[in-house]
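Student: This is what each chain is made of:
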Amino acid sequence: MDITATAWRVESRTRASNMFSIVAAILTLLALAAPLFISRGAVQNLFFILTMLVLAQCWNLLAGYAGLVSVGQQAFVGFGAYAMFAGVILLRLDPIAAILFSGLAAALLAIPTGYFIFRLQGAYFAIGSWVVAEIARLALAQWKPLGGGTGTSLPGGAVRDMWGAAAVGKLLGMRPVQAADVVCYWLALALAVATIGFIYWLLRSRQGLALAAVRDNQETARSVGVDARRLKTFVYLATAFVTGLVGALIYVQKARISPDAAFSVVDWTAYVIFVVVIGGIGTIEGPILGVIVLFLLRDTFADYGSWYLLALGLIGIAVMLFAPRGLWGLFADRTGIQFFPIRRTLRGGPECATKTIEGATHG
Amino acid sequence: MTSLIDVVVQGVLLGGLYALFAAGLSLVFGIMRLVNLAHGDLIVLAAFLILALVTKLGLNPFVAALVAAPIMFALGWVLQSQVLNRTLGPDILPPLLVTFGLSIVIQNGLLESFSADSRRISTGSLETASLTLGSVDIGVMPLLTFLSAVAVIVGLNQLFYRTALGRAFRATSDDRVTAGLMGIRPDRIFATATGIAMVVVTIAALYLGARANFDPTIGPARLIYAFEAVIIGGLGSLWGTLAGGVVIGVAQTAGAAVNPEWQILAGHLAFVLVLLLRPRGLFPSAVN
Amino acid sequence: MALLETRGLTARYGDFQALFGVEMALEAGETIAIVGANGAGKTTLMRSISGVLKNEASQIVFDGEPIGALAAPDVMARGIAMTPEGRKLFPSLSVEENLLIGKYGRAVDGPWSLETIYGLFPILRERRNSPGTALSGGQQQMVAIGRALMSNPRVLLFDEISLGLAPVIIRDIYAIFPRIRETGSSVVIVEQDIGQAMKVADRLYCMMEGRITLSGAPASLTREAIHAAYFGATA
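In order, the protein sequences belong to chains G, E and V. For reference, each letter of the first sequence is one residue, going 622 to 984 in the working numbering. For reference, each letter of the second sequence is one residue, going 1021 to 1308 in the working numbering. For reference, each letter of the third sequence is one residue, going 256 to 490 in the working numbering.
For the record, the hints were derived by calculation from the structure and aren't laboratory data. Do not rely on the hints blindly, as some may be mistaken.
Result set (SDA-like, lysine to any residue): computed pairs, CA atoms no more than 25 Å apart in a straight line [claimed, not checked]:
#	chain 1	residue 1	chain 2	residue 2
1	G	765	E	1276
2	G	765	E	1241
3	V	309	E	1276
4	V	309	V	351
5	V	309	E	1241
6	G	765	E	1278
7	V	309	E	1278
8	V	309	E	1194
Listed next, the stretches of chain E that the computed footprint assigns to chain G, with coverage defined by at least 3 CB atoms under 8 Å from CB atoms of chain G [what the hints assert, rightly or not]:
#	stretch
9	1079-1090
10	1107-1113
11	1128-1137
12	1189-1202
13	1290-1303
Have a look at the derived ranges for each label pair, beta carbon to beta carbon [as the list claims (entries may be wrong)]:
#	chain 1	residue 1	chain 2	residue 2	range
14	V	329	G	742	31 to 39 Å
15	G	777	E	1279	50 to 58 Å
16	E	1110	G	647	22 to 30 Å
17	G	637	E	1072	54 to 62 Å
18	G	838	V	478	44 to 52 Å
Beta carbons are placed, not taken as given, at the ideal position from N, Cα and C, and that holds for glycine.
Full structure from sequences and hints, please.
Tutor: Structure follows, in structure tokens:
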């Protein structure tokens, strides 16, 4: 008998995802050109959205994929921010150079802290990560050259004379400080695109498959040769690096730092967790949706202070109890659409086998 | 310049307070492997409840605590049976994220209800009363706190090892399914456990509020001290939790003696040190 | 009417069906045995009756009441006690505490109490304060049986009590059956050891792949019939 055998292929692309990549490219180009058209306030809003998005994607990778539920990522936001301030004030670096320096500093911090908290599991890992953040906060509050407990500001000229600020100012006809905002915004955009690209690449790679296996069942994953420890360490270090970068970038824009603000659990962990939970944990689309929801809510209810946070908390709890896969999860379950397709599908094979066999979802 | 003896004594007594914070956490974790990230905020909530009873009804703080205890028991029961029982399962995310959300909800609820002002539960002359033993002055309230911690631990151990309910707790923690075959309803056992933990929380809240100023945002720090005491002591042992509390307490008072700004950091560093040297804690229980 | 019966009992683990319309009955005071190879569905049947698995209410009837959908604590409270497969003693409890926990959900007076159970298994009295799991397999089985008896149940379910035990220990354990019979309990034994089962049972059911393939009084069943019902094919 003669069967024309085409090779089996593992594919991820779907029609929806192909369409989405075109849309995403267009949106990115629009975002790039945005400062030409929108107000300074709008640029700052977009900056907030993009930086929250990066933090959320990192936390999602850490908790949703690697199973490392941390409530202490503010350690790296704060440490990165302080490293940047140290770079600018003490080492006289340009803020942009200092940002890169901060990412590395945060990654270096992650080595001893990771060594320490990897001794703990589950909920204790979570609180351990919080202890680490507290230690960092208390320690840096003792560092007088950077203002101790009350904090300090970036010297006036540092932001104005930042790389690119003058050029952008001339190009767009803005004053240097406003141009600096635009530079920060573009950096945030670049970071967001790079982070999402990195995560997407990682999850589609063999390491990504291994990661999903580890999250589902660590022992079984080990038995097929997955080095869970190395994988988790890599993810922990990578997210520390990126989180440090974002922390530094955020504080370049703010230009003023204090230990309580830089290491704030509410700003850098609570909001991030809500974004990921409400948007949809364990998917790349989820945090994007979550950040949009957060921004809309913040815009509407910012004046209500504690009620706003209280409501976010209740919504987060409700989502976790009744729709644990978040808003995107609800949508994706109904429609099966994936914009960042990481579900692997088996296609091809001998002509006589006409059905496609789908692998299990990751989320 | 405080003497060494003074530092150790004050540290040990402070450890009693931390052990009270930790006992409820330890109890709940031992039975259902749940760590409630809102634990510290629940202590603060109980403190505000006691304060409200004192100011609105003019009760003596200790009587107010007695009245608050069953209210907190009921709150814990409802919280566990309606919300937290739904999060128990193989996935670690739901209990962590739900209790984290709860922490935010409680803090902000208290902020709206009571404002961010610092409060204190006044215990009148007891606040400044002290005994002198040898060369050391021992405050009556810190001593009471420590003795209460010991009493709570003795009481909990009696409950665990001498009563039918305690047997049911241990059986459920061992094997939930077989416990069901004995007629034990795990959901109810968990709710009872959290209720009891909330009674301990109320006692802790009384001493917290009497000792120092409190406001709606200090919950997370108490959670961290409680957690550190449990880990240092070793999972599964309530006396170990007391020892853990004492270690943190002594480390903090020693740190404060060198420089008041170093108090809390010293406690955390002691925790890191113990964890690095003895990953299972000082007195891990033999079982599992 | 039978004390306990199953009517068209089906059970599933996800997509896998383990029981296909099982019909069996237990009369008051009887001892019945259910035999079959591994995977035949015997333990699934026990878990269904005891409430560990949830089934349709009407598929299991106890003393006229449909109990199929009840959870284990409710079934236990009505007087059906089980020694689970693998004994499943509580490691955090001592021998005596393991016995005591047996009547947590049903404290009913009757022939069985701590004293009478120590009378049945004297060795347990000596080891009363040891952790439950520090005992030998046979002794643990005694504790498990005692634990089930403590609630003075009307129906006892013994799931594979001979599993992993040496023959002489199995003989000692089965030697207590007359005492249990005397007190009027009704018993269901699930066994792979057909010899022992046939010695104590009034009636036998044989299961294979989720179905009853044979039933009757031991005396009336030929070896060939049992063999065929147990394994499926004639040797």
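Student: It remains to establish, for every hint, whether it holds in the given structure.
Tutor: Each hint tested on the structure:
1. Between residue 765 (chain G) and residue 1276 (chain E) the alpha-carbon distance is near 19 Å, which keeps this suggested pair within the 25 Å criterion.
2. The straight-line distance between the Cα atoms of residue 765 (chain G) and residue 1241 (chain E) is roughly 24 Å, inside the 25 Å bound, and the hint therefore holds.
3. A C-alpha spacing of about 59 Å is found between residue 309 (chain V) and residue 1276 (chain E), which places the hinted pair above 25 Å, so the restraint is violated.
4. Restraint check for residue 309 (chain V) and residue 351 (chain V): the C-alpha separation of about 31 Å exceeds 25 Å, so the hint is violated.
5. For a cut-off of 25 Å, the pair hint linking residue 309 (chain V) to residue 1241 (chain E) is broken: about 44 Å separates their Cα positions.
6. Our distance criterion of 25 Å between C-alpha atoms is met by residue 765 (chain G) and residue 1278 (chain E), whose separation comes to about 18 Å.
7. Of the pairs offered as hints, the one joining residue 309 (chain V) and residue 1278 (chain E) is violated, with about 63 Å between alpha carbons and a cut-off of 25 Å exceeded.
8. In summary, the hint linking residue 309 (chain V) to residue 1194 (chain E) is supported, as the alpha carbons are separated by about 22 Å, within the 25 Å threshold.
9. Here the stretch 1079-1090 of chain E counts 0 residues with a CB under 8 Å from a CB of chain G, which misses the bar of 3, and the coverage is violated.
10. Taking a C-beta to C-beta cut-off of 8 Å, the stretch 1107-1113 of chain E contributes 3 residues in contact with chain G, enough for the three needed, and the coverage statement holds.
11. For the stretch 1128-1137 of chain E, the assignment as covered by chain G holds, since 4 residues bring a beta-carbon within under 8 Å of that chain's beta-carbons and 3 suffice.
12. Look at the stretch 1189-1202 of chain E against chain G: 0 of its residues bring a Cβ nearer than 8 Å to a Cβ of that chain, fewer than three, so the hint is violated.
13. Counting residues of the stretch 1290-1303 of chain E whose CB lies closer than 8 Å to any CB of chain G gives 5, which reaches the minimum of 3, so the coverage claim holds.
14. The supplied range of 31 to 39 Å is met by residue 329 (chain V) and residue 742 (chain G), whose beta-carbon atoms lie about 35 Å from each other.
15. Between residue 777 (chain G) and residue 1279 (chain E) the C-beta distance comes to about 33 Å, which lies outside the given range of 50 to 58 Å.
16. Separated by about 42 Å at the C-beta atoms, residue 1110 (chain E) and residue 647 (chain G) break the suggested range of 22 to 30 Å.
17. The hint said 54 to 62 Å for the Cβ distance between residue 637 (chain G) and residue 1072 (chain E), and at roughly 55 Å that hint holds.
18. Roughly 45 Å separates the CB atoms of residue 838 (chain G) and residue 478 (chain V), a value that falls within the hinted 44 to 52 Å.
Figure legend: structure checked against the earlier numbered hints; hints not met, in rising order: 3, 4, 5, 7, 9, 12, 15 and 16.
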